Amino acid sequence: GSYHRQLKSFKVRLDGSEREIVNDSFHHFFILNSDFYGQQLSEHVIRKLYENYRNLLLHNAALAVDHILFLGEPNGPAFPVQNGKPHVNVSAFLQITRGAVGKFLSHAETIVPRSMQDKINRLKK
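Take -5 as the starting number for the sequence shown in the working numbering and just add one per residue.
None of these hints come from the bench; they were simulated from the model.
One thing to keep in mind: the hints can contain errors.
As the list claims (entries may be wrong) - If you anchor each label on the Cβ, the simulated ranges turn out as follows:
(1) ASN54 with ARG7: 17 to 23 angstroms
(2) VAL75 with LYS119: 28 to 34 angstroms
(3) ILE62 with GLY32: 19 to 25 angstroms
(4) SER19 with VAL75: 17 to 23 angstroms
(5) LEU52 with VAL106: 20 to 26 angstroms
(6) GLN76 with LEU117: 40 to 46 angstroms
(7) GLN89 with LYS119: 18 to 24 angstroms
Nothing here was measured: the structure is a model prediction, and the numbers come from that model.
Where a beta carbon is used, it is the ideal one built from N, C-alpha and C, also for glycine.
Throw the hints in and build the complete structure from the sequences for me.
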């Protein structure tokens, strides 16, 4: 998602409207609804995935209560929601991520050079 941040020509369908990846928070996870991942998640679910999986795992090595990572079927739903809480089917997420990375790499030479992320990366060198 960071390579598409503030790129006006890149939009994803979210809750019935076209949205841009505007900032570097949970908006990066909007990429899940792009052609790269092919999901149809609500903004609420995307925000929960970001807050309860990405942030807690990365910063605290923990998961939110009743939020589950599990090894399900690779062709099953990647983010099933139960009782209002999204879970992560790691096998399915890996499967769709392989496809997303392949799609990204096949277009990387046009995506990366015009991205905000590339500008940030160059400033850090």
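For this session: Confirm or reject the claim that ASN54 and ARG7 have a C-beta distance inside 17 to 23 angstroms.
Result: violated (32 angstroms)
Exercise. Between GLN89 and LYS119, does the beta-carbon spacing fit 18 to 24 angstroms?
Worked result: violated (34 angstroms)
For this session: May I ask you to test the hint 40 to 46 angstroms on the CB atoms belonging to GLN76 and LEU117?
Result: At 43 angstroms between Cβs, range holds.
Exercise. Does the Cβ-Cβ separation between SER19 and VAL75 fall within 17 to 23 angstroms?
Worked result: Cβ of SER19 to Cβ of VAL75: about 21 angstroms, so the range 17 to 23 angstroms holds.
For this session: Take the C-beta atom of ILE62 and the C-beta atom of GLY32, compute their distance, and say whether it sits inside 19 to 25 angstroms.
Result: At roughly 22 angstroms between Cβ atoms, GLY32 and ILE62 fall inside 19 to 25 angstroms, so the hint holds.
For this session: Using the beta carbons of LEU52 and VAL106, state whether their distance is inside 20 to 26 angstroms or not.
Result: Roughly 23 angstroms apart at Cβ, these two residues keep to the hinted range, so it holds.
For this session: Could you tell me whether the CB distance from VAL75 to LYS119 stays inside 28 to 34 angstroms?
Result: violated (41 angstroms)
This entry does not satisfy hints 1, 2 and 7, going by the numbered hints stated previously.
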